[in-house]
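Chemist: Chains as they are written, first to last, in the UniProt record's numbering: chain A, 1 to 242; chain B, 1 to 208.
If you're looking for bench data, these hints aren't it; they were derived computationally from the structure. All C-beta atoms, glycine included, are put in the ideal place defined by N, C-alpha and C. Fair warning: there could be bad hints in the mix.
[Claimed, not checked] Covered by chain A, per the in silico footprint, the following chain B stretches (three or more residues, Cβ under 8 Å):
id, stretch
1, 28-40
2, 45-51
3, 166-179
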Amino acid sequence: MKSRIPVVLLACGSFNPITNMHLRLFEVARDHLHQTGRYQVIGGIISPVNDNYGKKDLVSARHRVAMARLALQTSDWIRVDSWESEQAQWMETVKVLRHHHSELLRSLPQMEDPDQGSASSPASTAVPELKLLCGADFLKTFQTPSLWKDTHIQEIVEKFGLVCVTRAGHDPKGYVLDSPILQRYQDQIHLAREPVQNEISATYVRWALSQGQSVKYLLPDAVISYIREHNLYLRDPSPERE
Amino acid sequence: MKSRIPVVLLACGSFNPITNMHLRLFEVARDHLHQTGRYQVIGGIISPVNDNYGKKDLVSARHRVAMARLALQTSDWIRVDSWEKYDAIFPAVPELKLLCGADFLKTFQTPSLWKDTHIQEIVEKFGLVCVTRAGHDPKGYVLDSPILQRYQDQIHLAREPVQNEISATYVRWALSQGQSVKYLLPDAVISYIREHNLYLRDPSPERE
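If we strip away everything but chain A, and leave its shape as in the complex, we get (with noise of 0.2 Å):
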């Protein structure tokens, strides 16, 4: 039988906060994959974007990574990672993946015995895939132009590969159609869907925070309390939408 491929999700993205729909994202990428019957996904990364990406309403990456790490304790898959944050500059997404898929190869086992051979080996030796995690509207900035590097749309597809998670009304699939690198490396993009229409927001979570309204159950419940304790969030953001 043939074994599957190990794979991990990347998620870059400002996570202002975190919320409930960044971490269904993972949940739903991890079922897609294992479904095909080719993958194994063994982890998850998210990775919040530099300070210096100068968004607006972007609070410290310390608190950002924090609130992540908050939201993650009860995942026994997904970690955060500050890497990205730490830099002293922003940095393309491919980057981030090229960084983090050779801190993937640099944590492999060293193979001991070169006399094993491959028919022995478990696939758990075989050398993971660092996948990006997306959302439609990720996919669908591929088509503005001057956004992104022709080079690095098909770095980030060949090399690594996406998966995008979509809801009812999007539709990545013309999305993919409609640009000639997403076509041709089409069998390295996921299209998972998620049925539940979930668009929680940040940029809503933020406005209702400052409004002094609930957002419970929008979020991990430890996350709005350090949104509480460090009083983040509580200036009307600017009306912008992001």
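Based on the hints, put chain B in the right spot on chain A.
Modeler: Below, chain B alone, put in the same frame as chain A:
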């Protein structure tokens, strides 16, 4: 200064199982009533329907109540409980309002589903707080019904901007397929479902 009217929100339903969406209804409704300046929400009640309601795939009330109790562990104002407890406590008699979603409001239109006298009593004597999301037209449902239109002052329409349609039907299906429902329900409820082997069988194809 005129004091606020104390209100208790009552949600009836299958809660099969309870989800984060059910819990959100309470939070949104409370914020909405507070913003009117006229009400003070002093409590919330979740009332799971009786087993004899006869709905397919309805797990025992014992479980549904237990799961709701677990889900409400972190809430300081909502409980699975009876209305009678509030009677003697407060100087001003709290108003009991029925909390629902737009789909519930729409059922008033279904001929012969409701007795007109019951619809009237619900809106006239108690009042409704209806939490809806984009895509529904609760104002339209109200205006389409003579009874609802007459008592529209008793019908509060709260809007939840978050598209949050965590349907218990979907949750049951996902569980029967061995798929994750984490972050759709409180962790304590998921643990309970696993311990008691609930929702393992393929649910019946009829949609609720």
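Chemist: Tell me the numbers of any earlier hints that the structure contravenes, in ascending order.
Modeler: 2
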